[in-house]
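Based on the hints, put chain B in the right spot on chain A.
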Amino acid sequence: MKLRVGRFALISVALLFLGLFLVLPLIVVFIEALSKGLGAYVAAVSDPLALAAVRLTLLVAVIAVPLNMIFGVAAAWAIAKFEFRGKSALITLIDLPFAVSPVIAGLVFILLFGSNGWFGAFLQAHGIHIVFAVPGIVLATIFVTFPFVARELIPVMQSQGKDDEETALSLGANGWQTFWRVTLPNIRWGLLYGVLLCNARAMGEFGAVSVVSGHVRGLTNTMPLHVEILYNEYNIAAAFSVASLLALLALLTLAAKSLLEWRAPELRRRSRQMRDLHRGVRK
Amino acid sequence: MASTAAAIHHHENELRRIIPGFGLTLGYTMLYLSLIVLIPLSAAFIRGFGLGWEHFWGVVTAPRVMASLRLSFGAALIAATVNAFFGLIVAWVLTRYEFPFKGIVDAMVDLPFALPTAVAGIALTTLYAPSGWLGGTLLPLGIKVAYTPLGIVVALLFIGLPFVVRTLQPVLEELDQEVEQAAATLGASAWQTFVRVILPALWPSLLTGFALAFARAVGEYGSVIFIAGNRPMKSEIAPLLIITKLEQYDYAGATAIAVVMLMLSFLLMFAINALQGWALTRHGGR
Numbered sequence: 001m002k003l004r005v006g007r008f009a010l011i012s013v014a015l016l017f018l019g020l021f022l023v024l025p026l027i028v029v030f031i032e033a034l035s036k037g038l039g040a041y042v043a044a045v046s047d048p049l050a051l052a053a054v055r056l057t058l059l060v061a062v063i064a065v066p067l068n069m070i071f072g073v074a075a076a077w078a079i080a081k082f083e084f085r086g087k088s089a090l091i092t093l094i095d096l097p098f099a100v101s102p103v104i105a106g107l108v109f110i111l112l113f114g115s116n117g118w119f120g121a122f123l124q125a126h127g128i129h130i131v132f133a134v135p136g137i138v139l140a141t142i143f144v145t146f147p148f149v150a151r152e153l154i155p156v157m158q159s160q161g162k163d164d165e166e167t168a169l170s171l172g173a174n175g176w177q178t179f180w181r182v183t184l185p186n187i188r189w190g191l192l193y194g195v196l197l198c199n200a201r202a203m204g205e206f207g208a209v210s211v212v213s214g215h216v217r218g219l220t221n222t223m224p225l226h227v228e229i230l231y232n233e234y235n236i237a238a239a240f241s242v243a244s245l246l247a248l249l250a251l252l253t254l255a256a257k258s259l260l261e262w263r264a265p266e267l268r269r270r271s272r273q274m275r276d277l278h279r280g281v282r283k
Numbered sequence: 001m002a003s004t005a006a007a008i009h010h011h012e013n014e015l016r017r018i019i020p021g022f023g024l025t026l027g028y029t030m031l032y033l034s035l036i037v038l039i040p041l042s043a044a045f046i047r048g049f050g051l052g053w054e055h056f057w058g059v060v061t062a063p064r065v066m067a068s069l070r071l072s073f074g075a076a077l078i079a080a081t082v083n084a085f086f087g088l089i090v091a092w093v094l095t096r097y098e099f100p101f102k103g104i105v106d107a108m109v110d111l112p113f114a115l116p117t118a119v120a121g122i123a124l125t126t127l128y129a130p131s132g133w134l135g136g137t138l139l140p141l142g143i144k145v146a147y148t149p150l151g152i153v154v155a156l157l158f159i160g161l162p163f164v165v166r167t168l169q170p171v172l173e174e175l176d177q178e179v180e181q182a183a184a185t186l187g188a189s190a191w192q193t194f195v196r197v198i199l200p201a202l203w204p205s206l207l208t209g210f211a212l213a214f215a216r217a218v219g220e221y222g223s224v225i226f227i228a229g230n231r232p233m234k235s236e237i238a239p240l241l242i243i244t245k246l247e248q249y250d251y252a253g254a255t256a257i258a259v260v261m262l263m264l265s266f267l268l269m270f271a272i273n274a275l276q277g278w279a280l281t282r283h284g285g286r
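First to last, the sequence lines map onto chains A and B.
Once you know that position 114 of the first sequence is 114 in the working numbering, the rest is easy, because the numbers rise by one and skip nothing.
Once you know that position 100 of the second sequence is 100 in the working numbering, the rest is easy, because the numbers rise by one and skip nothing.
So here's chain A without its partners, still in its complex pose (with noise of 0.2 Å):
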């Protein structure tokens, strides 16, 4: 009985916090996006400024995306198939991007290519804009969401071994047909719940976009900066209007990973496999 009770208490402060914490800013989001009426929503939403914020966005994540996965993969068949010097320290730089600030990440490149920076006077001269201007946002978002992938991917690659691969390799398949039709079968699922994260990111980053971006509107503005100004203009319905495509998108990442977990348990199991993969890397 007395267990009884020490149960339901604890369930009930989990959810109480749960909820307070993040169920509840999330229904804020579409009820404030809402309160002005469903007119005053498609108008926020579908205004050209928007519009130029949303295509913005997903150019950036279109080319950071596939920069960030294409690494991903090259770094996680050179840690998981091969044995060498120095590999634990790589997987640690890897991770680095996660332990600087977002407006640090931002700043760098502006340390790098702002007028002040080391390839400021080269820009200038021809005429080359990269901060303060989209290039700039690209750079920063590939920064911020650089480990994404990589991070996924190596514990798959890791505890799948590399038989497979020696097996078609034997029989006469060269390195590409190898990893077309033997590994990246093999890690599909690892892959696109790194994607899927990565992208996540890479849409909703603010601080590191925020510092390198300018915030020429319609121009060099991404949603989430769109959201930031029109909050700041007091405009809050249409601030959440915007602000509640953002949320939607993550919805939609929490139902995909959850239906990606269900389908490919082995993925929840990441952080144990991160464990077991840094205790063979220190053998």
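Rather than coming from a laboratory, the hints here were simulated on the basis of the structure.
Be careful, since some hints might not be right.
Unchecked claim - One-sided excerpt, in silico: chain B residues whose CB lies under 10 Å from chain A:
1. G27
2. I39
3. D106
4. I122
5. V154
6. Q169
7. P170
8. Y221
9. G222
10. F226
Ideal placement from N, C-alpha and C gives every residue a C-beta, glycine not left out.
Then chain B, alone, in the frame of chain A:
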């Protein structure tokens, strides 16, 4: 016999060598890592140290900078501590008990990973502003959340929670419940079992989750700036001060603060790595 083993060994070596792409993939990994991460980050360090010690020290110890660093690290410390406590309860409930909609609740824990920080920021501000649902309830009690340091802690609670829960969950799942049952049979109360048996086993992971949440919270920007109020010396976080200095074209000042934050973050990362090593030897069985 020995020659067969040697032959197999030789054969394995042969096979190991036939997996291609080592040079290509490691080379590309190093190139991309250098271009995107290492060279840009070293630019910050080189520029920061290029200021000279006196200039650097002068910027960093200015009262406004010190206040912002204290606030960023202090609020992150409080939020990570509260998250460690509630995160442990959430992880416990999710691994040990059954209740309706548990799958959805479990999935929702990742919301802070998926929801853009700016969206979280304006939503929390609307909730906790004096006119908001929660802010309006708390105000008569004399508690002001939005536009105070307390608001910063609330935003950091949101951001950090999944780190604690997701670090603890797999460890809790692996925990041998027979030991707990044995403790109970020997007459230990539920509380004694928790403190003497469960907590010692969880301690390294709890600390790791705490450190991850702390590391993330220290540099957080998007969810904080809307709710913080951003008054210098009172509710201005360090990342915001970097942006303020950039907008005033004070690149040296911005870089100096960034270097201090980077060094502290990297120290923290080493600590987390060491903690994970400790957690590993603790659970080292398999």
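Hints, verified against the model:
no.: 1; hint: G27; in the structure: 9 Å, holds
no.: 2; hint: I39; in the structure: 8 Å, holds
no.: 3; hint: D106; in the structure: 8 Å, holds
no.: 4; hint: I122; in the structure: 5 Å, holds
no.: 5; hint: V154; in the structure: 8 Å, holds
no.: 6; hint: Q169; in the structure: 8 Å, holds
no.: 7; hint: P170; in the structure: 5 Å, holds
no.: 8; hint: Y221; in the structure: 4 Å, holds
no.: 9; hint: G222; in the structure: 4 Å, holds
no.: 10; hint: F226; in the structure: 7 Å, holds
Comparing the model with each numbered hint stated earlier shows that all of them hold.
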